[in-house]
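Please build the complex by placing chain B on the supplied structure of chain A, with the hints as guidance.
Those sequence lines, one after another, are chains A and B.
By this note's numbering, the letter at position 3 of the first sequence is numbered 3, and the numbering carries on one by one without gaps.
By this note's numbering, the letter at position 17 of the second sequence is numbered 17, and the numbering carries on one by one without gaps.
By construction, these hints were calculated from the structure, which means they are not laboratory data.
No experiment lies behind these values; they were computed from the predicted model shown.
Some hints could be false.
[To be verified] Lysine to aspartate or glutamate pairs mimicking DMTMM-like chemistry, simulated, CA-CA at most 25 Å apart:
no. : chain 1 : residue 1 : chain 2 : residue 2
1   : B       : 74        : A       : 299
2   : A       : 58        : B       : 142
3   : A       : 147       : B       : 351
4   : B       : 354       : B       : 403
5   : B       : 140       : A       : 141
6   : A       : 72        : B       : 298
7   : B       : 413       : B       : 351
8   : B       : 154       : A       : 235
9   : A       : 97        : A       : 107
[As the list claims (entries may be wrong)] Calculated Cβ distances over 10 Å to all of chain A for the following chain B residues:
no. : residue
10  : 59
11  : 237
12  : 277
13  : 302
14  : 351
15  : 355
Yeah, the Cβ is synthetic: ideal placement off N, Cα and C, and Gly gets one too.
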Amino acid sequence: MNDARVVVTGFGAVSPFGLTAADMWAALCAGKCGIRPIITFDPANFDCRIAGQVPDYKIQQYVPRSFRKAIKLMSRDIELAIIAAHDALTKSGFITKGIDLESVNIDPTRVAINLGAGLISCDLIEIAPAVAASVTDGKFDIHKWGKIGMELVTPLWLLKYLPNMLACHVGIIHDIQGPSNTITCGEASASLAISEAVQIIARGSSDVALAGGADARVNPTILIRACLLGRVNTESNSAPDSACRPFDADARGSVTSEAGGIVVLENLDSARSRQAKIFAEVVGVGESNNINPSYDHLEADNKGIQLAIEKALAEAGIRPDDLDLIIPHGTGIAADDRAEAKAIEAVLGTAVAKVPIWPTKSMLGTAGAASGALDIIAAVCAIGDSKIPAAKNCDKKIDGCNLNIVTQPQQTEIRYAICCSYTYGGQTAAILLKKYEN
Amino acid sequence: MAGANSKERVVITGMGIVCPLGHDVETLWQALLAGKSDMGRITLFDASTYPTTFDAEVKGYSFAKYIKNPDLHKHSSRSTQFVIGAVVQACEQAHIDFETAEPSDGIDRRRLGIYLGAGEGSIDSDMFFCAIVDAWHSEKNEMNWDAWATTTAKRMSPRHELEQEPNMAAAHVAMLTGARGPTRNCLTACAASTQAFGEAMMLIRNGYADAVITGGAHSMIHPLGVMGFSRLTALSRKNESPQTASRPFSATRDGFVLGEGAAILILESLSLAEKRGVKILAEVIGYGSSADAFRVTDMHEEARGPIQAMEAALADSGITYKDVDYINPHGTGTVENDYIETMAIKAVFKERAKSVPVSSIKSMLGHLIGAAGAAEIIASVLAIRDNIIPPTMNLNDSEPYLDLDYVPNKLRKVPVNIVMKESFGFGGQNNVVIIKRYN
Numbered sequence: 001m002n003d004a005r006v007v008v009t010g011f012g013a014v015s016p017f018g019l020t021a022a023d024m025w026a027a028l029c030a031g032k033c034g035i036r037p038i039i040t041f042d043p044a045n046f047d048c049r050i051a052g053q054v055p056d057y058k059i060q061q062y063v064p065r066s067f068r069k070a071i072k073l074m075s076r077d078i079e080l081a082i083i084a085a086h087d088a089l090t091k092s093g094f095i096t097k098g099i100d101l102e103s104v105n106i107d108p109t110r111v112a113i114n115l116g117a118g119l120i121s122c123d124l125i126e127i128a129p130a131v132a133a134s135v136t137d138g139k140f141d142i143h144k145w146g147k148i149g150m151e152l153v154t155p156l157w158l159l160k161y162l163p164n165m166l167a168c169h170v171g172i173i174h175d176i177q178g179p180s181n182t183i184t185c186g187e188a189s190a191s192l193a194i195s196e197a198v199q200i201i202a203r204g205s206s207d208v209a210l211a212g213g214a215d216a217r218v219n220p221t222i223l224i225r226a227c228l229l230g231r232v233n234t235e236s237n238s239a240p241d242s243a244c245r246p247f248d249a250d251a252r253g254s255v256t257s258e259a260g261g262i263v264v265l266e267n268l269d270s271a272r273s274r275q276a277k278i279f280a281e282v283v284g285v286g287e288s289n290n291i292n293p294s295y296d297h298l299e300a301d302n303k304g305i306q307l308a309i310e311k312a313l314a315e316a317g318i319r320p321d322d323l324d325l326i327i328p329h330g331t332g333i334a335a336d337d338r339a340e341a342k343a344i345e346a347v348l349g350t351a352v353a354k355v356p357i358w359p360t361k362s363m364l365g366t367a368g369a370a371s372g373a374l375d376i377i378a379a380v381c382a383i384g385d386s387k388i389p390a391a392k393n394c395d396k397k398i399d400g401c402n403l404n405i406v407t408q409p410q411q412t413e414i415r416y417a418i419c420c421s422y423t424y425g426g427q428t429a430a431i432l433l434k435k436y437e438n
Numbered sequence: 001m002a003g004a005n006s007k008e009r010v011v012i013t014g015m016g017i018v019c020p021l022g023h024d025v026e027t028l029w030q031a032l033l034a035g036k037s038d039m040g041r042i043t044l045f046d047a048s049t050y051p052t053t054f055d056a057e058v059k060g061y062s063f064a065k066y067i068k069n070p071d072l073h074k075h076s077s078r079s080t081q082f083v084i085g086a087v088v089q090a091c092e093q094a095h096i097d098f099e100t101a102e103p104s105d106g107i108d109r110r111r112l113g114i115y116l117g118a119g120e121g122s123i124d125s126d127m128f129f130c131a132i133v134d135a136w137h138s139e140k141n142e143m144n145w146d147a148w149a150t151t152t153a154k155r156m157s158p159r160h161e162l163e164q165e166p167n168m169a170a171a172h173v174a175m176l177t178g179a180r181g182p183t184r185n186c187l188t189a190c191a192a193s194t195q196a197f198g199e200a201m202m203l204i205r206n207g208y209a210d211a212v213i214t215g216g217a218h219s220m221i222h223p224l225g226v227m228g229f230s231r232l233t234a235l236s237r238k239n240e241s242p243q244t245a246s247r248p249f250s251a252t253r254d255g256f257v258l259g260e261g262a263a264i265l266i267l268e269s270l271s272l273a274e275k276r277g278v279k280i281l282a283e284v285i286g287y288g289s290s291a292d293a294f295r296v297t298d299m300h301e302e303a304r305g306p307i308q309a310m311e312a313a314l315a316d317s318g319i320t321y322k323d324v325d326y327i328n329p330h331g332t333g334t335v336e337n338d339y340i341e342t343m344a345i346k347a348v349f350k351e352r353a354k355s356v357p358v359s360s361i362k363s364m365l366g367h368l369i370g371a372a373g374a375a376e377i378i379a380s381v382l383a384i385r386d387n388i389i390p391p392t393m394n395l396n397d398s399e400p401y402l403d404l405d406y407v408p409n410k411l412r413k414v415p416v417n418i419v420m421k422e423s424f425g426f427g428g429q430n431n432v433v434i435i436k437r438y439n
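Pulled out of the complex, with its shape left as it was, chain A reads as follows:
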């Protein structure tokens, strides 16, 4: 096989901790929690009233003047992707058309984009006047809607909600003309998108790829779905800092958050030839499936995540005890955490006592299609700083969990780190990173 080695030469994130990956990593290292009472709408009548919300931003700062007309076509998901892409490209040293038209240093036809996206929620306030104009005797009237109401909806309405528009807007801003894909696999989306992007570079279809995901999940539609599905913690509204407790005996559900995370992946030869800073190498990707009749939870042994990790290790040709860090998916939903713990224990065998496990969602929340990218960025930072921050809110492990969850920050060389993702619906992914060595 003459497939290319693939390295990480940039990363960017927008998260509850701020508008850059640096903000996110600093907050994670400081043991902060990004979960707060919801302020973007009045959640008084919702069972869960806390979430991880991105601080204020001005999207104009990330969009070149020539493309600002398109801002009105951007749902919040799209904006988060644009901010994360900007941060990632800035770090990579690439200058695209969208950064500086005069000094472009990248061949747009050799760049791919591959983003995970969620089921974008319709802006209800935007469409409400059209619906309100379609009422007869207090009830929605589809005849009026077809004749009068829908004419009040902005003509390009649909384009705000197609999941591929995250990659399209980012691609237009930065002139990305290579393969473009959008993965819609729930909470595994970003990891699967990164896995595919790695394969796209390895097989030679592009030299560089922006990969990750974004998901604006703090809105009434997503929150009520999560509440009704019983996935979010409805008992800790007054204690957001301690609400999300992955692998903890007191876990009471996940907490929703919004975020975007994008990494710049690059063919090693390309990175070397431009003397780019290499943050890590991707040495294995594994993907599989959980199969469970309830569809919204994992099977009890989480065989799907076990297989994904084993495939990634096999691709890199390393043993479980070579791992220096595992970032699990760990949402704080007790049944899922228990299943994931079993899967990781099954992979690690006797190494379970030794390999550090660092769940991040206690601080970041569950950022849907972006979540895998945030973890991969956190792992890249951990490798770079030789540092594993402390896990938060895991005070007493769930019964039967033997994982070595990091409760004190560790300063230690990390050669191999793996990030795990799974989702309702079953898809799983594991991305194996290695400290870059010549």
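The following block gives chain B in isolation, referenced to the frame of chain A:
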């Protein structure tokens, strides 16, 4: 980064479809060869006052008859139910066991992947509209979220909401087949299932899977879906003549006809297909993907993205434009697509542009959105099998620039060994695959 095996050749060994022209591949093919369409008044909701009142619907379909345990899938969305029938057909043809804990078809489940371009499930629009009506305060121009939450919590079926997620079709396919290989769903608008098919081929070629269940599914025939396309003026408004409304490459084209359905193909490595002794329907020799990076509303004026994807697919196949016998285009029947697509074909096929047959089955089938590409790949495989090119129907009025050989109104019998299949999507997504007769 590398898979464990050397580069594998990839072949198609099974196909299944549920679409407006039939619930199996042969029924669809006979309809296409006969130039039939099945468009009519929208029946899935009351669209009588919409600018477009017709569509192409799947009729008289029930997924339960295909499987032993329909209860495991009873909450699935309309388009996922189409997937179930199509997957069963494809698995039967490819001799892949389903609904069994102990498959004996010679495929290691850890190496059986799923890659769909499935769309989101149909939104529960009654609930959606009702909650807004209850909560919107017109004078204040604001939403009362308390009222909205009250109505929604009362009327929302959380399970229905979960099944709307685009990855749920893949979940049901995994449940049916026990697949534990790489599993992804992509949603790149109207190019989704061609992209899924192309990336699925790459998973096998590069050793990440031995076999992949691929294809797509979509139904956007609901009040918000039809509204969205209507507002974009993408739909034909020939309400008086639905059967002849879809007019790709015609001067009188005025938009596509919205269809729905699922189309599934089984891909596997040539070595696995040979080992299992299954019939090989065709080989997939190349895939190219690109983005216009131009505007979210329009295709690139010089067809930059489509040209790049077509050339990438040819290069990946190790062939040139001189080797292609038939182009199955995106051919939607919108003013813009057919013009730009013709431009791209002229640029790539040079002196051969006017002699390579190009025909759009969307003239008969309608536009299955996420499922369109996979349905058209199935038609391409059948064109190779029978050496017959299906026609572009309703093509009676020509436009000066649209002067390619669109195989108007009548099928053509001609040797077909290599087909280029193109799919383009909103936002500038371009995906092209190349299918070859296996011998």
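Each hint, compared with the structure:
Using a Cα cut-off of 25 Å, the hinted pair residue 74 (chain B) and residue 299 (chain A) holds, with the two alpha carbons roughly 19 Å apart. Among the hinted pairs, residue 58 (chain A) with residue 142 (chain B) is consistent with the structure: their alpha-carbon atoms are about 23 Å apart, no more than 25 Å. For the proposed pair residue 147 (chain A) and residue 351 (chain B), the alpha carbon gap of about 49 Å is over 25 Å, so the pair is violated. At roughly 7 Å between alpha-carbon atoms, residue 354 (chain B) and residue 403 (chain B) fall within 25 Å of each other, so this suggested pair holds.
Only pairs whose Cα atoms come within 25 Å are accepted, and residue 140 (chain B) paired with residue 141 (chain A) is accepted, the gap being roughly 22 Å. Straight-line distance between C-alpha atoms of residue 72 (chain A) and residue 298 (chain B) comes to about 16 Å, which keeps the hinted pair within the 25 Å bound. Simply put, residue 413 (chain B) and residue 351 (chain B) have alpha-carbon atoms about 23 Å apart, close enough for the 25 Å limit, and the pair holds. For the hint pairing residue 154 (chain B) with residue 235 (chain A), the CA-to-CA distance comes to about 21 Å; that is within 25 Å, so the pair holds.
A hinted pair counts as satisfied when its Cα atoms are at most 25 Å apart, and residue 97 (chain A) with residue 107 (chain A) qualifies at roughly 10 Å. At the 10 Å boundary, the C-beta of residue 59 (chain B) stays outside the reach of chain A, the nearest C-beta of that chain being 21 Å off. Every CB of chain A is more than 10 Å from the CB of residue 237 (chain B) (nearest about 13 Å), matching its label as outside the interface. In this structure residue 277 (chain B) is separated from chain A by more than 10 Å, as the shortest Cβ-Cβ distance comes to about 27 Å.
Distance to chain A confirms residue 302 (chain B) as a non-interface residue, since its nearest Cβ pair spans about 13 Å, more than 10 Å. No Cβ of chain A comes within 10 Å of the Cβ of residue 351 (chain B); the nearest lies about 25 Å off, and the non-interface call holds. For residue 355 (chain B), the non-interface assignment is confirmed: its Cβ lies about 29 Å from the closest Cβ of chain A, beyond the 10 Å cut-off.
In summary, the structure is inconsistent with hint 3 from the numbered list given earlier, while agreeing with all the others.
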